[in-house]
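Asks: Please put together the full structure from these sequences, using the hints given.
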Amino acid sequence: MKEYLMIGEVLKPQGIHGECKIRPYSADPDRFLKWKTLYLEKNHEYIPLRVKPGRVHDGFAYITPEGFTTPEDAEKIRGEKLYISRKDADLPGDGGDLIADLIGCEAVTPDGTVIGTLTDVLQYGTVDTWVFKTGKGTMMAPALLAVFPAVDTEAGRITADPEKLSEVAVFED
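So for the sequence shown, this note's numbering puts the first residue at 20; every next one is plus one.
Take these hints with a grain of salt, some might be off.
[Claimed, not checked] Ranges between beta-carbon positions, derived for each pair:
(1) Asp130 / Gly86: 14 to 24 Å
(2) Thr145 / His76: 41 to 51 Å
(3) Pro129 / Val189: 20 to 30 Å
(4) Asp77 / Pro181: 39 to 49 Å
(5) Thr132 / Leu163: 13 to 23 Å
(6) Lys71 / Lys152: 39 to 49 Å
(7) Tyr65 / Asp130: 32 to 42 Å
(8) Gly34 / Lys155: 46 to 56 Å
[Said to hold, decoys possible] Derived DSS-like pairs: lysine-lysine, alpha-carbon spacing no greater than 25 Å straight-line:
(9) Lys95 / Lys55
(10) Lys152 / Lys100
(11) Lys106 / Lys155
Hint data in this document are derived by calculation from the structure and do not stem from the laboratory.
Think of the CB as a built atom: it goes at the ideal place given N, C-alpha and C, for glycine as much as any other residue.
Replies: If you want it as structure tokens, here you go:
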């Protein structure tokens, strides 16, 4: 399991006092209002960044890193990805898995035949769509229990029902 989870990206300075506009990757942008320490990744190390939570508006979060007082300060971290420590994350309480833990899992049939590797999770409707890299190209399928009856992120495996998967999977070249 990853110790740090990516939760957003710094888009640009906002205003004249060092505030940063953030594209949240969290399902709930309001979480940015409670986080006091975020992390920047540099050379595989996670550097703490103390922040003053600001506000959420139109789906974007606004924060001011400690010590940032000008737009030039904020400009220095434009484009950087922001992380939180797993211990500060709101982990799914319903037996769900974090997307960060799903990415990289291998999809297999019950007999062990490898289907592909999960590369992305699309969240556009009521059911997430899982995107896999396979030997036949990119495959997308809804993340339904009937299609994927077992997920073990610790082992990095997602078990798929091949019959159900063949009914709903879509391939791109």
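Asks: Does each hint fit the structure? Answer for all of them.
Replies: Against the structure, the hints:
The hint said 14 to 24 Å for the Cβ distance between Asp130 and Gly86, and at roughly 57 Å that hint is violated. In this structure the supplied range 41 to 51 Å is violated for Thr145 paired with His76, their Cβ-Cβ distance being about 25 Å. For the pair Pro129 and Val189, the supplied restraint of 20 to 30 Å holds, since their beta-carbon distance comes to about 22 Å. Separated by about 43 Å at the C-beta atoms, Asp77 and Pro181 satisfy the suggested range of 39 to 49 Å.
Evaluation of the 13 to 23 Å hint for Thr132 and Leu163 yields a pass: the beta carbon distance comes to about 20 Å. Distance hint for Lys71 and Lys152: a CB-CB separation of about 40 Å, consistent with the stated range 39 to 49 Å. Here the CB-CB span from Tyr65 to Asp130 is close to 40 Å, well matched to the stated 32 to 42 Å. Taking 46 to 56 Å as the suggested C-beta distance range, the pair Gly34 and Lys155 conforms, at roughly 49 Å.
In summary, the hint linking Lys95 to Lys55 is supported, as the alpha carbons are separated by about 20 Å, within the 25 Å threshold. Between Lys152 and Lys100, the direct Cα distance comes to roughly 24 Å. Compliance with the 25 Å bound is thereby established for this hinted pair. Taking the CA atoms of Lys106 and Lys155, the gap is near 38 Å; set against the 25 Å cutoff, the hint is violated.
Going down the numbered hints, you'll see the structure goes against 1, 2 and 11, while the others check out.
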